[in-house]
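S.K.: Use these hints to put chain B onto chain A, whose structure you have.
Protein chains: 2
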Amino acid sequence: MSSLPVAVEPNRDEHLVAAVEGAGGTIVGLDEARVLVWIGPPAEFPELPDAVEWVALKTAGIEDFLDAGLLDNRRVWTNAAGFYAENVAEHALALLLAGLRQINTAVTRHWDKERIDTSVRSLHGSTVAIIGAGGIGASLGPRLKACGARVVAVNRSGRDVPGADEVRRSSELDSVWSSVDHVVLAAPSTAKTRHMINAETLAALPSHAWVVSIARGPLVDEEALYRALVDGEIAGAALDVTDPEPPAEDHPLWSLPNVIITPHVANPASGLTREMAPWLAENVRRFAAGEELISVVTPGRDY
Amino acid sequence: MSSLPVAVEPNRDEHLVAAVEGAGGTIVGLDEARVLVWIGPPAEFPELPDAVEWVALKTAGIEDFLDAGLLDNRRVWTNAAGFYAENVAEHALALLLAGLRQINTAVTRHWDKERIDTSVRSLHGSTVAIIGAGGIGASLGPRLKACGARVVAVNRSGRDVPGADEVRRSSELDSVWSSVDHVVLAAPSTAKTRHMINAETLAALPSHAWVVSIARGPLVDEEALYRALVDGEIAGAALDVTDPEPPAEDHPLWSLPNVIITPHVANPASGLTREMAPWLAENVRRFAAGEELISVVTPGRDY
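Chain order of the listed sequences is A and B.
Heads up: the first sequence is residues 1 to 303, going by full-length UniProt numbering.
Heads up: the second sequence is residues 1 to 303, going by full-length UniProt numbering.
Next comes chain A alone, as it looks inside the complex (with noise of 0.2 Å):
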């Protein structure tokens, strides 16, 4: 059996070449390829030769890929959402736990004891709410759980979750804010989850409640947050995302001791194919050995 030729385009990323070699593959050029490996922009995508059976776009959201119109039925598209879930949902962690244990406080105002000790909280013991608990969700569930926190996931289907001791219905949300006691945003930005979070679930939640945002900036009222934590309604918010990103140098966010924001690295560009690496190798595995690849993209499918 000769090795599985794979094109890894526009460039030859040094991490996606080892993984495709070990795993078997052979790096060809685009025209003796039946794998296209793409890790350019859509506007460079090349026309593709018929005998590319399967093509792995490195994005989780595919949405410019769609739009652009270059997914087709001929052949297997993938994408890496299974493996950005796992460094997303592990950012969510962090930003949660750095906003209960303080470490933004701790950083800016020096053994501030006094102010930092009655600020801390613990995750153990406290309920964590995951809207929109897709694959991010399936991540964060086990994370959340192993660190002693009950777990509310909320999805459109009320299909089961790992991880979560309970799952509702997006139609069930408006029970969620009070009864929770930390919200993570993991939801798809549409026309249903825009301003998710406003003047009114904000009062709804606990005031020792962390918002934390790893989906897209749109789901958040930002106005309303501001009012909310300036108010004191809930504790904080942690945003790897904003509306727009960058915010303004001076939005009012900014301005606020209990806001983190990171700016938009729960997968880091720069290390992004090391990372991929793994995932890519292993679905090379699997394409050699005509078995189902991981994250196939349903061209058509409402994502």
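Just so you know, these hints were derived from the structure itself, not from any lab.
Positions of the beta carbon are idealized from the N, C-alpha and C atoms, including for glycine.
Any given hint could turn out to be false.
To give an idea of the interface, some chain B residues facing chain A are shown, with a C-beta separation under 10 Å as derived from the structure [claimed, not checked]:
id	residue
1	T59
2	E90
3	L96
4	L97
5	W111
6	V120
7	S122
8	S139
9	A238
10	T242
11	E245
12	P246
13	T262
14	H264
15	P278
M.R.: Frame of chain A, contents of chain B only:
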């Protein structure tokens, strides 16, 4: 059966009183008590009536009570080690994740995406050593495991630790530093552990390593740590303990961007009795039922 008479001294803390009563006990003065819950300092510890069969101390490091010769063999003594372990393990995880995920940088450098994106590292896929894997290690192991890390536990006996992929004896410590990505110090402060983190061990660690300490300040040679951080021998340090505490206001560690120092708040004093309450309730229930208590202290054993 009459309910168990319990004294909560030197003040009848509301959370502990509720815990005792919720577990079927009755709050009484010390002269009527079969159980003393003591939340004061050793210096104020009372003369114990013979009728007291169990003394519940709140502290985890009970060295001060031992040094004062307060523990006797005429009754059962418990501390709250089991409870504290969860809290301290959580803080250790918060510190490690905050460092890897660059929360400290994000708080001080607003949306410095270029710098932060290239500095963020993932816990999943990394190898973490827990040095001194007692109760804290046993609580931290499963948390790290759920985050996708490989866990190397180091303890004196080489006995199994929950969540550990590998256990090594303290005598093999020299070989640990170069074989792990990150280190969490959770060992007691003794002559042997003093300056365990020194110029030599720091040089052996990989340059992407974060060193986390939730143990005691003397385990770290802070001068050597400062040099290693300035020279880029390790990536960062996150400390909940220093030597002495607090560090001097002009301590050079405060000036470094890759250092996180929290003011010894892994077990915040402010929320202590609230968080300790469920643990006390469980022990009161066990005592009344004649079952074995959690966290029994054996006077004369070396902690």
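S.K.: Now, for every hint given, state plainly whether the structure supports it.
M.R.: For each hint, the structure was consulted:
1. T59: violated (16 Å)
2. E90: holds (6 Å)
3. L96: Interface hint status for L96(B): holds (9 Å vs cutoff 10 Å).
4. L97: holds (4 Å)
5. W111: holds (4 Å)
6. V120: holds (4 Å)
7. S122: holds (6 Å)
8. S139: Where the cut-off is 10 Å and the nearest Cβ of chain A is about 9 Å from S139(B), the hint holds.
9. A238: The hint holds - A238(B) has a Cβ within 10 Å of chain A, the shortest such distance being about 8 Å.
10. T242: Given a least distance of 8 Å, the restraint on T242(B) holds.
11. E245: holds (8 Å)
12. P246: holds (4 Å)
13. T262: holds (4 Å)
14. H264: Holds, because the Cβ-Cβ distance from H264(B) to chain A comes to roughly 7 Å (cut-off 10 Å).
15. P278: Result: holds, 8 Å to nearest chain A Cβ.
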